[in-house]
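Colleague: All chains, full assembly: derive it from the sequences and hints.
Protein sequence lines, in the order shown, are assigned to chains S and R.
First residue of the first sequence? That's 1 in my numbering, and the numbers climb one at a time after it.
First residue of the second sequence? That's 1 in my numbering, and the numbers climb one at a time after it.
It is worth saying that the hints were derived from the structure and are not from the lab.
A portion of the hints provided could be inaccurate.
Derived lysine to aspartate or glutamate pairs resembling EDC-like cross-links, with alpha carbons at most 16 Å apart [stated by the list, open to error]: (1) S/189 with R/73; (2) S/234 with S/118; (3) S/189 with R/79; (4) S/227 with S/114; (5) S/189 with R/75; (6) S/70 with R/290; (7) S/189 with S/129; (8) S/70 with S/89.
Computed footprint of chain S on chain R; a stretch qualifies when at least three of its residues, placed anywhere within it, have a C-beta under 8 Å from a C-beta of chain S [claimed, not checked]: (9) 47-58; (10) 85-93; (11) 142-155; (12) 172-183; (13) 253-263.
Quick list of simulated restraints, FRET-style, between CB atoms [said to hold, decoys possible]: (14) S/209 with R/328: 56 to 66 Å; (15) R/78 with S/140: 26 to 36 Å; (16) S/69 with R/228: 55 to 65 Å; (17) R/80 with S/9: 50 to 60 Å; (18) S/308 with R/70: 39 to 49 Å; (19) S/202 with R/28: 55 to 65 Å; (20) S/202 with R/163: 56 to 66 Å; (21) S/292 with R/138: 34 to 44 Å.
These figures come from a predicted structure and were not determined experimentally.
Note that beta-carbon positions come from the ideal geometry of N, C-alpha and C, so glycine has one too.
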Amino acid sequence: MRTKIAKIFLLGALASATVSSFAIDITGAGASFPAPVYSKWAEAYQKQTGNKVNYASIGSSGGIKQIREKTVDFGATDAPLKGDALDKDGMVQFPAIIGGVVAVVNLPGFKPGELKLDGETLANIFNGDINNWNAAQIAAVNPGKKLPDQAITVVTRSDGSGTTAVFTDYLTKANKRWADSIGSGAIVKWPALSTVGGKGNEGVSANVSRVKGSIGYVEYAYAKLNKMTTLQLKNLDGKFVSPSLDSFKAAAAGANWSSTPGMGISMTNQPGANSWPIAAASFILMYKDPANKEKSSEAIKFFEWAFKNGASTAVELEYVPLPANVTDYIAKNVWSNIAK
Amino acid sequence: MKSSPDASKGIKLTAEVAKMMKFQRFQDYFFHKITLFFASLVLVILAGILISLVINAWPALREFGPGFFFSTEWDVVGEKFGGLTAIYGTLITSILALIIAIPVSFGIAVFLTEICPNWLKRPLGTAVELLAAVPSIIYGMFGLFVFAPIFSSHIQPFLTDTVGQIPFLGVLFRGPANGIGLLCAALILAFMVIPFITSVMRDVFEIVPPVLKESAYGIGCTTWEVVTRIVLPYTRAGVVGGVMLGLGRALGETMAVTFVIGNAHRITPSFFAPGSSIASTLANEFGEAEPGLHYSSLFALGLTLFIITFIVLALAKWMLANMERAQGTKN
Chain S
1 MRTKIAKIFL
11 LGALASATVS
21 SFAIDITGAG
31 ASFPAPVYSK
41 WAEAYQKQTG
51 NKVNYASIGS
61 SGGIKQIREK
71 TVDFGATDAP
81 LKGDALDKDG
91 MVQFPAIIGG
101 VVAVVNLPGF
111 KPGELKLDGE
121 TLANIFNGDI
131 NNWNAAQIAA
141 VNPGKKLPDQ
151 AITVVTRSDG
161 SGTTAVFTDY
171 LTKANKRWAD
181 SIGSGAIVKW
191 PALSTVGGKG
201 NEGVSANVSR
211 VKGSIGYVEY
221 AYAKLNKMTT
231 LQLKNLDGKF
241 VSPSLDSFKA
251 AAAGANWSST
261 PGMGISMTNQ
271 PGANSWPIAA
281 ASFILMYKDP
291 ANKEKSSEAI
301 KFFEWAFKNG
311 ASTAVELEYV
321 PLPANVTDYI
331 AKNVWSNIAK
Chain R
1 MKSSPDASKG
11 IKLTAEVAKM
21 MKFQRFQDYF
31 FHKITLFFAS
41 LVLVILAGIL
51 ISLVINAWPA
61 LREFGPGFFF
71 STEWDVVGEK
81 FGGLTAIYGT
91 LITSILALII
101 AIPVSFGIAV
111 FLTEICPNWL
121 KRPLGTAVEL
131 LAAVPSIIYG
141 MFGLFVFAPI
151 FSSHIQPFLT
161 DTVGQIPFLG
171 VLFRGPANGI
181 GLLCAALILA
191 FMVIPFITSV
201 MRDVFEIVPP
211 VLKESAYGIG
221 CTTWEVVTRI
231 VLPYTRAGVV
241 GGVMLGLGRA
251 LGETMAVTFV
261 IGNAHRITPS
271 FFAPGSSIAS
281 TLANEFGEAE
291 PGLHYSSLFA
301 LGLTLFIITF
311 IVLALAKWML
321 ANMERAQGTK
331 N
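Modeller: Dropping the structure here:
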């Protein structure tokens with residue numbers, strides 16, 4: 001009887017040992033901004049190599065917290081950490097993908113890209129000064145259009161979000177009053193009386209889709225996937241541009257990645273006739289000296305694969321894949337610092 | 001099977017019988033200690049939760065003092081926190097939910113016990129119990145995708161045109177009809193709480209001795225008189241218990257409320273406006289709060305909810321004691 005039990009245990013242990021050596025599962029958590037493209041990459045990566053990448057879209061602040069607590073193998077954030085914070089935590093940071101934040105509205109009768117706004121007006125809507133769509137300031141930017149008499153409901157993020165950090169970074173650059181009174185960050189104090197909060201980019205899209213006359217900000221992939229009405233924005237050069245792969249690429253063209261420690265540059269309000277004013281990169285955080293070196297190396301292998309093979313997937317979802325010189329820079333200067 | 005020893009007849013205990021009795025004594029002792037352990041586990045867990053809440057909330061409470069409970073500030077960047085918005089949201093949604101749920105539950109329970117034809121009793125009763133078993137996140141999805149559009153396109157305009165026109169009370173029911181907000185959350189909570197209260201009420205109404213009700217009917221009481229003068233007084237402990245159960249669920253409900261309450265950190269007079277409750281604030285912000293004032297303010301909110309639930313329970317017991325004392329003096 002006892003030898004029988006011992007044999008079963010031995011068999012079970014052997015079986016589980018062999019099974020676990022087949023596939024390595026890595027986990028990442030953080031920004032909902034790049035979640036659509038990370039999940040598509042993870043799907044394709046699993047098909048090709050059998051290794052599973054689990055990504056939890058919990059917001060940039062959640063991602064930073066989870067990687068600091070070492071519960072995930074990589075953290076993702078749109079709001080980059082500064083050089084001294086990275087050094088204190090012993091982490092490295094590198095961009096993985098570039099995308100754009102767009103303003104979406106729920107105004108039946110308007111096609112995507114029909115309504116125009118500039119930074120000043122956008123900031124005044126989000127701080128509650130303008131609360132009806134037929135306001136004179138909006139009409140001034142949209143000559144000839146008939147604007148409805150509809151109260152504006154401002155939809156923002158209720159959780160700590162890198163998308164919010166990017167959006168408010170743009171509003172800070174575009175509107176001096178916003179810069180003085182509210183500023184930018186992952187969570188800000190939204191002053192508009194009608195403000196409604198949604199959880200994640202997903203929550204904001206859902207709220208904007210349901211509330212008539214609402215305006216919110218989401219990553220472009222969400223606006224495209226849910227077929228929402230996007231707005232044209234006026235960029236630094238004074239031209240009105242629509243969000244698209246080309247306008248995001250134009251904004252990213254002049255980026256100087258090595259200028260900031262941790263590659264944490266801001267891409268809002270970039271010069272260029274075709275630049276989208278609210279472009280941003282999304283970053284990955286990993287430890288220089290990870291506790292689980294096998295999983296950390298596997299995560300690097302995933303991103304290496306994604307940089308080489310994931311460009312077409314990214315373009316399909318209207319994200320801008322990193323150009324080759326940036327990925328080479330990352331491989332040489334960032335991944336080399338991670339202990340393998 | 002040995003015959004059991006009969007001590008009164010003075011039969012001498014054989015060795016086997018003595019061994020069996022010793023084993024049974026040991027079993028009793030073991031059973032006694034195990035059940036005592038489980039019961040004291042409850043006390044230990046309760047004390048543990050309370051202590052950890054207080055310890056983690058202490059930095060915020062020390063920083064803001066009692067003003068924490070009266071301030072509507074919620075500034076993460078400037079590190080100024082106040083719990084009034086969340087407390088107001090929790091209390092208002094729960095109270096509104098109960099105001100709607102209690103009469104409806106009472107009506108359903110009375111129907112099921114007094115008026116319902118026999119063939120309908122079983123299916124209706126099962127339907128109510130099934131509703132009570134539905135997970136709360138399903139209610140949240142139902143609320144967000146099905147109920148909120150109906151609410152904003154039919155119910156809210158109706159309320160604005162009727163109740164919203166009353167001079168002073170009307171301001172509570174006016175505002176943009178976006179389908180999410182305090183009133184919508186209260187209605188979803190009412191849907192969730194009705195099955196609970198109905199089940200408890202129906203169960204206690206059914207154990208009223210039929211002889212009491214039949215005597216009342218026999219001297220000519222109407223159904224209403226039987227229910228209010230015989231059934232309700234007899235079952236008051238159960239009814240109050242059921243209502244408190246529903247209130248407890250409404251106070252702590254998280255996901256369903258988070259979906260539809262709008263997550264705004266301000267108090268507006270209108271019930272149509274978005275707000276936030278303690279549970280929805282915790283659900284939204286806990287995952288990413290860094291240890292510091294934000295983190296301990298969230299714990300302070302949790303402690304507040306704990307205290308509110310405790311007060312509700314104490315109030316229920318006090319109310320029951322009063323009712324029973326009143327009945328005692330009346331009789």
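Colleague: Next step is simple, just say for each hint if it's right about the structure.
Modeller: Each hint tested on the structure:
1. Between residue 189 of chain S and residue 73 of chain R the alpha-carbon distance is near 9 Å, which keeps this suggested pair within the 16 Å criterion.
2. A threshold of 16 Å between alpha carbons decides the hint, and for residue 234 of chain S with residue 118 of chain S the separation of about 5 Å falls inside it, so the pair holds.
3. Note on residue 189 of chain S and residue 79 of chain R: the hinted pairing holds, with a Cα-Cα distance of about 11 Å set against a maximum of 16 Å.
4. A hinted pair counts as satisfied when its Cα atoms are at most 16 Å apart, and residue 227 of chain S with residue 114 of chain S qualifies at roughly 14 Å.
5. As the CA atoms of residue 189 of chain S and residue 75 of chain R are separated by approximately 6 Å, the hinted pair is consistent with the 16 Å bound.
6. Restraint check for residue 70 of chain S and residue 290 of chain R: the C-alpha separation of about 14 Å stays at or below 16 Å, so the hint holds.
7. Under the criterion of a C-alpha separation no larger than 16 Å, the hint pairing residue 189 of chain S with residue 129 of chain S is consistent with the structure, at around 15 Å.
8. For the given pair, residue 70 of chain S sits about 11 Å from residue 89 of chain S by alpha-carbon distance, which is consistent with the 16 Å threshold.
9. Here's how the region 47-58 of chain R fares: 0 of its residues keep a CB closer than 8 Å to some CB of chain S, so the rule of at least three is not met and the hint is violated.
10. Here the region 85-93 of chain R counts 0 residues with a CB under 8 Å from a CB of chain S, which misses the bar of 3, and the coverage is violated.
11. With 4 residues carrying a beta carbon less than 8 Å from a beta carbon of chain S, the region 142-155 of chain R meets the three-residue requirement, and the given coverage holds.
12. Counting residues of the region 172-183 of chain R whose CB lies closer than 8 Å to any CB of chain S gives 4, so the stated coverage by that chain holds, three being the minimum.
13. Counting residues of the region 253-263 of chain R whose CB lies closer than 8 Å to any CB of chain S gives 3, so the stated coverage by that chain holds, three being the minimum.
14. One distance hint, 56 to 66 Å for the beta-carbon pair residue 209 of chain S and residue 328 of chain R, holds here, with the actual separation near 59 Å.
15. Take residue 78 of chain R and residue 140 of chain S: their Cβ atoms lie about 34 Å apart, and the range 26 to 36 Å holds.
16. Under the hint 55 to 65 Å, the C-beta atoms of residue 69 of chain S and residue 228 of chain R, about 58 Å apart, fit the expected range.
17. Residue 80 of chain R and residue 9 of chain S have their C-beta atoms about 58 Å apart, which keeps the hinted 50 to 60 Å range intact.
18. Our hint of 39 to 49 Å for residue 308 of chain S and residue 70 of chain R is violated, since their Cβ atoms are close to 58 Å apart.
19. Distance hint for residue 202 of chain S and residue 28 of chain R: a CB-CB separation of about 58 Å, consistent with the stated range 55 to 65 Å.
20. At about 34 Å, the beta-carbon gap between residue 202 of chain S and residue 163 of chain R misses the expected band of 56 to 66 Å.
21. Between residue 292 of chain S and residue 138 of chain R the beta carbon distance is about 37 Å. The supplied range of 34 to 44 Å therefore holds.
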